[in-house]
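A.B. asks: Turn these sequences into a full structure, and let the hints steer you where they fit.
One letter stands for each residue in the lines below.
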Amino acid sequence: MPAGRTVEATMLGKLDWSAIPFDQPIPLIAGAVVLVAILGVLIWVVVKGHLPYLWHEWITSVDHKRIGVMYILLASVMLLRGGSDAIMMRIQQAVAYQSQGYLPPEHYNQIFSAHGTIMIFFVAMPFVIGLMNLVVPLQLGVRDVAFPTLNSVGFWLTATGALLVNLSLVIGEFARTGWLAFPPLSGLSYSPGVGVDYYAWSLQISGVGTLVAGINLVTTVLKLRTRGMNYLRMPMFCWTTLASNLLIVAAFPILTATLAMLLLDRYLGFHFFTNEAGGNVMMFMNLIWAWGHPEVYILVLPAFGIFSEVVSTFSGKALFGYRSMVLATMAICVISFMVWLHHFFTMGAGPDVNAIFGIASMIIAVPTGVKIYNWLFTMYGGRIRFATPMLWAVGFMVTFIIGGLTGVLVAVPPADFMLHNSMFLVAHFHNVIIGGVLFGAFAGFEYWFPKAFGFRLDERWGKLAFWFTFLGFYVTFMPLYVAGMLGMTRRLQHYDVAAWRPWMLVAAAGMAVLTIGVICQIMQLVVSIRNREALRDRTGDPWDGRSLEWATSSPPPVFNFAFSPDVRGEDAYWDMKTHARQQSLEHEVPEYHDIEMPRNSPTGFVCAFFATIMGFALIWHIWWMVILGGIGAFATFVVFAWRDHDEYVIPAEEVARIDRINLEERRSLVSMAGAL
Amino acid sequence: MSDQTHVPAGHDLAPGEEEQHSVGARILGYVVGLALALLLTATSFFIAGTDLVWQPSIPVALIVLAIAQMGVHLVFFLHITTGPDNTNNVLALAFGLLVVFLVVGGTVWIMAHLNQNMPPMDQIMPMRK
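Protein chains in written order, with this note's numbering: chain U, 1 to 676; chain Z, 1001 to 1129.
In case anyone wonders, no lab produced these hints; they're calculated from the structure.
Check each hint, because a few of them may be wrong.
To be verified - According to the in silico footprint, chain Z covers these stretches of chain U (three or more CB under 8 Å from chain Z):
hint : segment
1    : 277 to 286
2    : 337 to 351
What the hints assert, rightly or not - Far from chain Z, by Cβ distances over 12 Å, these chain U residues were calculated:
hint : residue
3    : Ser18
4    : Leu51
5    : Val170
6    : Val218
7    : Ile402
8    : Pro602
Stated by the list, open to error - Simulated coverage check for chain Z against chain U, where a stretch passes if three residues somewhere in it have a Cβ under 8 Å from a Cβ of chain U:
hint : segment
9    : 1091 to 1101
10   : 1108 to 1114
Virtual Cβ for every residue (Gly too), placed ideally from N, Cα, C.
C.D. replies: Structure (structure tokens):
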């Protein structure tokens, strides 16, 4: 090896000009467009002088509401990226009948891997974590989460992971292994490129962020509740948050350890999951699904919580069977750790093991069924308002039941042997993830948007978005069930079976309808921002809500509540409203106190900056840069640990001034309701 | 966040947070913990190399000592006790133990079945002879 190349290898590791895909127009053009868009936004921000505002109010913010909004923004942007992948795949399968289609195999494989990875880790996860961040402290009646700065670190590390995944579009390549990177395909001998390294390091870094968020939210629910907020008075969303984050804390270390072993195989010649030298690839499937199954409940439990809030609010009734709902949530939390083998029935564990795990998988449908009945009984006899969040909730119930039934079907081992890795399975998990998690995320988005920003979203566009997405979902994914029954396996780059063709064409048409749904969603945002004065929510309670987040103004002040609310039962805010209407409307003028709030901190952003450098360097074997990034991240932590001031005081007069504005609006609302 | 007035002072201690003991009592606690930890470690090393006990019992003894070691760490260093303010900590520990039991136990069971039914090619041949 010439000396020049050695110096380059030290400085740049595996990185050279061949990493940029000059010969592949699609990723290059997509990358260029994204780059131009990012640069354009950056230049606009700097020229308009918004940079100090962004830095002080958002990037360094430790306010749980701001961090929640940033999580949701990240998820929405990544939803567009993952959605583009989905459109490309549907078009490929529609045209690739007895031909190669327009995507070469190695590119198609990267697309379906990136689609799965992005949709689970960088859309669904940040979306539900964002909603939990935004809402849970408000519902508990507290001022912030337990560890505000840690919260910011968690968000920015998630963003780092998302950044690295998208970087793989233009520098190097992404994994071609599917979204869980099964060895031996993901081992060094079959995937020598940097794709799997991009996959593994972005998940390791964002996994730390997720774990941090999980610890934070568990602590918040267990330790920070306002006066009188017993466990059995918490809103359902807080319960599902608790369950979901307990699962994060218990399950994500398994993912981290499994990927760490895969990385040791790839970087240091270990043999955990190789074919030779005593490695066991079956252990990887076992471990990754021991994380993977709880993961689906990490995603869907918060969605269940959102639907509970939405159904109860828009039916004007307390949630039916609150205690059975709590019990069902916690039962799912535990049973979700007893079913993971159903993802690899066909690997050959034998009848005893398969039967036990099959039965456990059917049992976990029971608490979920309890929830469905509870929602139906909540609606029964209620005065139902079909606002957009409620539409998503009803759409969810119909769709999720179909997805759940096909799930129970594939939980039967003999049936699974027929359907394993077929399009039927693809249709099943999209049915529960889109119908459950995504519909839930959209319902929560529509429901809590007024709380976060102070104005409601346009109902007309919201309803259009719902109907196009709902119908588009059915047109896209029901044909995949049929194709699976006809024997079509997943991840096919091209095929020669004439019977599958029509179904692929219908699915592609469905994708077009789904795309219209997404456009409506964007239009809704644009139209609502334009008409924000007309849609302004002055009282802080636009939906006639029942839980404490509606007891404060929209958007809430940085300290959330001028006084810690006093909770006397379930549906805390509903009780307060009823109480206020019954009694005379005159409040005694409350006495305000100074409030201490955590100071903003750039720790999260700086930490993530160094983590990005470190992750990139690890992927490309640039060892000096790894050390640099590691030292930087650690130094940031040390500086934060040695800080002198971590809180600032909001004086009582300021609290009073902010609170009085909202109090006036609220009194007028109560007196109007009283006059009616 | 020092404004959590609804959390009564002195209650709800997190793991590692000191209870209201005198310095002497606390130091005594750590010393006892350290001594026990060292004793258990030394015993493990001794047992591993000894021929004083029945050989097949050695792995079992090591497992028992390791679990005892965990217990010492939890009680003396992480302050997980059965006191009234420790409900959350004990429940968290119980949940953790349950998950570890399910995942480790399930993995051992599954992998044993898989290894029996699906041995690598080179191991199938000797079995057929």
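A.B. asks: All hints, please: hold or fail.
C.D. replies: Hint-by-hint comparison with the structure:
Counting residues of the segment 277 to 286 of chain U whose beta carbon lies closer than 8 Å to any beta carbon of chain Z gives 4, which reaches the threshold of three, so the coverage claim holds. Counting residues of the segment 337 to 351 of chain U whose CB lies closer than 8 Å to any CB of chain Z gives 8, which reaches the minimum of 3, so the coverage claim holds. The beta carbon of Ser18/U sits about 36 Å from the closest Cβ of chain Z, which is more than 12 Å, so the claim that it is off the interface holds. Consistency note on Leu51/U: stated as away from chain Z, and its beta-carbon is indeed over 12 Å from all of that chain's, at 29 Å minimum.
No beta-carbon of chain Z comes within 12 Å of the beta-carbon of Val170/U; the shortest separation is about 39 Å. With 12 Å as the threshold on Cβ separation, the claim that Val218/U sits away from chain Z is violated: the shortest Cβ distance comes to roughly 8 Å. Every Cβ of chain Z is farther than 12 Å from the Cβ of Ile402/U; the closest lies at roughly 30 Å, confirming the non-interface assignment. Consistency note on Pro602/U: stated as away from chain Z, and its beta-carbon is indeed over 12 Å from all of that chain's, at 19 Å minimum.
Residues of the segment 1091 to 1101 of chain Z with a Cβ under 8 Å from some Cβ of chain U number 4, which satisfies the need for three, so the listed coverage holds. Here the segment 1108 to 1114 of chain Z counts 5 residues with a CB under 8 Å from a CB of chain U, which clears the bar of 3, and the coverage holds.
Violated hint: 6 only; the structure is consistent with all others.
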